[in-house]
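Chemist: The residues making up each chain are set out below.
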Amino acid sequence: MKAVQVLKRCLSHPWMGLLLRVYVGGVFVYASMYKINYPGEFAETIASYQLLPYWAVNLTALIMPWLELASGVLLVLGVRTKSAAALVGGMLLLFSLVILVTLLRGIPIGCGCFTSVEEPLGWGTLWRDLLWLAMALQVYFFPSALQLEDQVLRSLSEAE
Amino acid sequence: VLVDARPAELFAQKHLPAAINLPAALFDILYPLKLGRELKPDQAVLVYGRTISRRYDEDVAQMLLQRHENIKVIEGDMKTWEAKGLPAAP
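In order, the protein sequences belong to chains A and B.
Our numbering numbers the first residue of the first sequence as 1 and each following residue consecutively.
Our numbering numbers the first residue of the second sequence as 1 and each following residue consecutively.
Since the hints were derived computationally from the structure, they do not count as laboratory data.
Some clues are possibly wrong.
Unchecked claim - Sample of chain B residues facing chain A (criterion: CB under 7 Å; computed from the structure):
| hint | residue |
| --- | --- |
| 1 | Glu-9 |
| 2 | Lys-14 |
| 3 | Asn-21 |
| 4 | Asn-70 |
Stated by the list, open to error - Among the chain B residues that face chain A by a calculated CB cut under 7 Å, a handful are:
| hint | residue |
| --- | --- |
| 5 | Gln-13 |
| 6 | Gln-43 |
| 7 | Ile-52 |
| 8 | Ser-53 |
Because the structure is a prediction, the values reported are computed rather than measured.
Just so it is clear, CB atoms sit at the ideal spot from N, CA and C, and this is done for glycine as well.
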C-alpha cells in the first residue's frame, strides 16, 4: 500500500511533470526537424501507409511537422501546457492507431517517425508511441514545475 | 512489357506475373538496366501500380513518355486485380 502511494506521489510530482514535459516536447521538436526540411520525403512516408487519399498526402506532409514543432516548443517552454499536451497526446493516439492498422494490414514499410530512412515498422514502434502517450497524459493531468507561463504571470502580478 | 511502378517493398510483397519493377525514385538507375537496351521505341509498355495515397503509375508513365510513345496506364490496384480472380506473383 505504501509503495503504491509513493509511486502515485512520484508520478504526480511537479518535477516528474517537468521531466516528462521537456522530454516529450523535445522528442516532438526533434521529430519535426527532418520533416520540415524534407517535406517531399515525408510525403512519401505518409503515402506508404496507404491510409490518406492521394489529394491529402502532400498537404498533411506540409502541416503536420509544423504542428509537431509548435506543440513541442510549447511543451518544453511550459506555455499553454495543457493545450500542447492535449495536441501531442492526440497526435500520439493517431500515430498509434495508424501504426496498429498498418501492422495488422502487413504493409512492409519503415516508420518514418523521425527520418525517412529508419528501422522497419514493428510492434516496438507501437509500444514506444503508447509510452509517449502515457507521458503526455501525465503532463495533461498533473502540474509540472518551471512553466514559463506561470513565471511570466507571476512576475506580471508582482509588478502590479 | 509490363511495368510495376510501386516502391520495391510493395512489389516484393505482391505483383503481377512477369512485371518489371521500376519505381519513380530509382527510374534513372533502373531504366537503363531493366528496359533501356531491350525495349524497342514502338513497343507497347503497360504501366500499373497505384494505391489510395499515390498514383505511382502516372508518375512513371510520364517518365517513360519522354523515351517512348506507346505507353498505357492500367488503372486500379492489386486488390482490383485480385478481385477479378487474376493471378498475382508472391
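Chemist: Take the hints in turn and mark each one as holding or not.
Modeler: Results for each hint:
Satisfaction of the interface hint for Glu-9 (chain B) is found here, the shortest Cβ-Cβ separation to chain A being roughly 5 Å, below the 7 Å cut-off. Interface restraint check for Lys-14 (chain B): the shortest CB-CB distance to chain A comes to about 10 Å, outside 7 Å, so the restraint is violated. A distance limit of 7 Å between C-beta atoms decides the matter here; for Asn-21 (chain B) the minimum to chain A is near 14 Å, and the interface restraint is violated. Checking Asn-70 (chain B) against chain A: minimum C-beta separation of about 26 Å lies over 7 Å; hint violated.
At about 6 Å, the closest approach between the beta carbon of Gln-13 (chain B) and any beta carbon in chain A falls short of 7 Å, and the interface hint on this residue holds. Proximity of Gln-43 (chain B) to chain A is violated relative to the hint, the smallest CB-CB distance being about 29 Å (cut-off 7 Å). Satisfaction of the interface hint for Ile-52 (chain B) is found here, the shortest Cβ-Cβ separation to chain A being roughly 6 Å, below the 7 Å cut-off. Residue-level restraint check for Ser-53 (chain B) holds (minimum Cβ-Cβ distance to chain A is 4 Å; threshold 7 Å).
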